[in-house]
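Engineer: Take the sequences, apply the hints, and build the full model.
Those protein sequences? They're chains A and B, same order as listed. Just so you know, the first sequence maps onto residues 1 to 498 in full-length UniProt numbering. Just so you know, the second sequence maps onto residues 1 to 498 in full-length UniProt numbering.
There is no bait here: all hints are sound.
Note: identical chains are not told apart, hence a pair may lie in one copy or across any two.
Derived EDC-like pairs (lysine to aspartate or glutamate); straight-line CA-CA distance at most 20 Å:
hint, residue 1, residue 2
1, Lys170, Glu117
2, Lys112, Glu64
3, Lys107, Glu30
4, Lys170, Glu300
5, Lys107, Glu64
Since the hints were made in silico from the structure, they are not lab data. Since the model is a prediction, treat every value here as computed from it, not as a measurement.
Number of protein chains: 2
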Amino acid sequence: MNLNVEDRPADLVIPDLQEILHALRAVVPEHCILFRAEQKKPYECDGLSLYRQIPMVVVLPETEEQVRGVLRACRRLNVPVVTRGAGTGLSGGAMPHAQGVLLGMAKFNRIKLIDPESAIAVVEPGVRNLAVSQAASQHGLYYAPDPSSQIACTIGGNVAENSGGVHCLKYGLTLHNVMQVRMITLDGEVLVLGGEAPDAAGPDLLSVAIGSEGMLGVVTEVVLRLLPTPGLAKVIMASFEDVEAAGDAVAAVIAAGIIPAGLEMMDQRATEMVEPFVQAGYDLNAKAILLCESDGTELEVEQEIARMQQVLSDAGATRLQVSQNEAERVRFWAGRKNAFPAAGRVSPDYYCMDGTIPRSQLARVLREIESMEQAYGLRCANVFHAGDGNLHPLILFDSNDSDEVYRADLFGAAILELCVQVGGTITGEHGVGMEKINQMCVQFQREELDAFLSVKRSFDPDGLLNPDKVIPTLARCAEYGKMHVHGGKLPFADLPRF
Amino acid sequence: MNLNVEDRPADLVIPDLQEILHALRAVVPEHCILFRAEQKKPYECDGLSLYRQIPMVVVLPETEEQVRGVLRACRRLNVPVVTRGAGTGLSGGAMPHAQGVLLGMAKFNRIKLIDPESAIAVVEPGVRNLAVSQAASQHGLYYAPDPSSQIACTIGGNVAENSGGVHCLKYGLTLHNVMQVRMITLDGEVLVLGGEAPDAAGPDLLSVAIGSEGMLGVVTEVVLRLLPTPGLAKVIMASFEDVEAAGDAVAAVIAAGIIPAGLEMMDQRATEMVEPFVQAGYDLNAKAILLCESDGTELEVEQEIARMQQVLSDAGATRLQVSQNEAERVRFWAGRKNAFPAAGRVSPDYYCMDGTIPRSQLARVLREIESMEQAYGLRCANVFHAGDGNLHPLILFDSNDSDEVYRADLFGAAILELCVQVGGTITGEHGVGMEKINQMCVQFQREELDAFLSVKRSFDPDGLLNPDKVIPTLARCAEYGKMHVHGGKLPFADLPRF
Chain A
1 MNLNVEDRPA DLVIPDLQEI LHALRAVVPE HCILFRAEQK KPYECDGLSL YRQIPMVVVL
61 PETEEQVRGV LRACRRLNVP VVTRGAGTGL SGGAMPHAQG VLLGMAKFNR IKLIDPESAI
121 AVVEPGVRNL AVSQAASQHG LYYAPDPSSQ IACTIGGNVA ENSGGVHCLK YGLTLHNVMQ
181 VRMITLDGEV LVLGGEAPDA AGPDLLSVAI GSEGMLGVVT EVVLRLLPTP GLAKVIMASF
241 EDVEAAGDAV AAVIAAGIIP AGLEMMDQRA TEMVEPFVQA GYDLNAKAIL LCESDGTELE
301 VEQEIARMQQ VLSDAGATRL QVSQNEAERV RFWAGRKNAF PAAGRVSPDY YCMDGTIPRS
361 QLARVLREIE SMEQAYGLRC ANVFHAGDGN LHPLILFDSN DSDEVYRADL FGAAILELCV
421 QVGGTITGEH GVGMEKINQM CVQFQREELD AFLSVKRSFD PDGLLNPDKV IPTLARCAEY
481 GKMHVHGGKL PFADLPRF
Chain B
1 MNLNVEDRPA DLVIPDLQEI LHALRAVVPE HCILFRAEQK KPYECDGLSL YRQIPMVVVL
61 PETEEQVRGV LRACRRLNVP VVTRGAGTGL SGGAMPHAQG VLLGMAKFNR IKLIDPESAI
121 AVVEPGVRNL AVSQAASQHG LYYAPDPSSQ IACTIGGNVA ENSGGVHCLK YGLTLHNVMQ
181 VRMITLDGEV LVLGGEAPDA AGPDLLSVAI GSEGMLGVVT EVVLRLLPTP GLAKVIMASF
241 EDVEAAGDAV AAVIAAGIIP AGLEMMDQRA TEMVEPFVQA GYDLNAKAIL LCESDGTELE
301 VEQEIARMQQ VLSDAGATRL QVSQNEAERV RFWAGRKNAF PAAGRVSPDY YCMDGTIPRS
361 QLARVLREIE SMEQAYGLRC ANVFHAGDGN LHPLILFDSN DSDEVYRADL FGAAILELCV
421 QVGGTITGEH GVGMEKINQM CVQFQREELD AFLSVKRSFD PDGLLNPDKV IPTLARCAEY
481 GKMHVHGGKL PFADLPRF
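Structural biologist: This is the structure in structure tokens:
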């Protein structure tokens, strides 16, 4: 590559607040600019509350022209820009920069079009994820990616983080359900990336924009693919006597050629935490439960549920319960989707990790996490997308106890590095943000980090967009001392060769 | 952006053959270097035989280390490099550079691993597409993307072009079925892009690598996702009295919430061309036929076939015939898959176009193509992926008649620009290559071309990898005189707003 990660621009000279305010006032109305401490406080962190930072100024533009103006002003003045959606992100991607502008996209909240014939929705980035499906429902359509935060999180944030959800095993991540974005560059230019064709012409910058975590530009419009709402959905709750058996059952379902609409695991600590809160009817005697959903026509669902029951039973399930009606199905999922808030009832704080491992490693990794609980002296509940191996360990801690904060941080890092060690990766669907920047050193080699930075620079040569996130410097990796220990690649060497 | 498309490097000073041979001999064995005219002749074009060019030298490396050496040598000597797979590509992406190295990857033909548990295959880029499914079949698995050329085309070429195929409507393009690639940069560095997680950490360079048409690096290993082979597949052949009704039937199938395993259209000119060659049993009285495939379990297929029959019948199908056994199913598809070779029986040459349009525009565009036949004095048969609106008009001409060649070229360009005009794009699955470089000016604005070039430059600052393809200069666009006429974006403005 022609750039390398140590070749970063010198520290920026940041203009003072008055200079920034003057420039912003030239491009957005006064009521869109927040600079007093009490106004800025709500923006100090996103869903990763472990790290907080008050920005220099918050701007809430109302039009695309204003976004272009803000970005041009920041470019001109060399001011860092952090873009924010609903602030539900879990990797600190929207954490403000102390000397920068926090660009909130909340006012871009219009659904511009639902077109049932083409099965697309055209929305602004501040539209809530669930609002899209609600608006599309009159046409028998919905938007498939469903982060647990879907009632609050917005499409812009989903695009920035390439968000997943329970149904992504079958229907794909945000990447697979977005057809086109309008993205404003730091120069205020409008890029229209993607389109209706399965294979857009030219380099696939749409895929780069999705999951770019605010590092390349600011999205002002998104074209979403809608899917026909399945006629029926049912979910099986399967109980297991140990986590290992549940992990093996997950592999067995997939190996049987079934791609369930959802395939989630909760361990006993998680069900015990959630049940008093949600009354989902979970089997509290089970060491782990699986939730396996089937959707489609009545006949398809009947058949798939019967096949899954057989596979789960053969894999050692001690109890199988199929949702008997829609209310029961929703209740089964309510426990899963509310697991994070429920953690708040048993612990002052929780730290939700996000890593992905090969399905074959599920049992091993869950065992190792259990032994880490002893090592770090903190409890951990496991609630996760088992079907695609995407773990969400919830580390329980008290943020008023600085030693617990420190241990939670280490525990989280250890889990991520374990994921890399077994051939997985440090993200599933939450992005890297600032949370996992050290683990990028473990996951990637210098050449790959160079390539990432090189693409980043081609959009943002001075590193103003969401600085100090996602891509670590080599200096940081050297300091972290774990540069590319395992490579984080699929462990092919260990597998029998064809 | 920080670069713009007019800011290209000055014309390269190309070293002479002896200097290149000397450098190559230092990194690859003599038998891997072809420089005599008769050795180089087979490499003068790919599947787009309209354009031919003999390269300065052909290199056929046998190891990754040799690929790294070749690329480093070319970088050092400022020599253009064009990478080639099986040479079945249809957009001229592998057409050699007169003063460059043609880097053939044919010797990278090992299937390194089929892992049934993880449902992945690890292959070298020179492995044929069909060979993957053949090797995986013993485990009940297959590789879904199936270009018509799958018996000959290789995975490396599929990755370069983001190839599609009949089954991509349901199972996605190459992009959706590749998990990881090893890519060698022009500096000889190894990048491992992607991985097993649904959302790999960092910018999504895997998606950029897939479909990058040899512009960013050379792929030496690919990890493919395998799918369980469906238990059963059946296909409906539906006859229509006019092309318009067939187009509307396609929209009706999709609107009914069905995603067929394949949904293809052939017009009467195409069936007449193919039938004597393949004896597929096509209805030669129909103005157009649709082939609609369903796959899955026996129950699923029965139910979906019944639903599709109902929808097709309601949409005006004059005859419906369901394949009664696997032999008949394969015969129905044989006609579709052999349509291109069959064209050779009725015309000395054919020019296969590739553009994508909204499904709602199918009937209109087919009508306009018909009237263009008069204007350009050439026949055109239509055989295409109707389900995703991906057209493949086959323009029939005689390459010995220079006026016919000229008119075929213009006819093709007119079809692509019509696709843009109705809100579609200039590619479906064949890539841009050199064929569609002028139409990139019609599809995109300057800002987007800038962004493409900027990413290209971050991998290849001197423009040595597959030069003069895919991304046009502004000078070229100015000369072509059609810079961004329509924008090529979904025509939202014309649709009712929500």
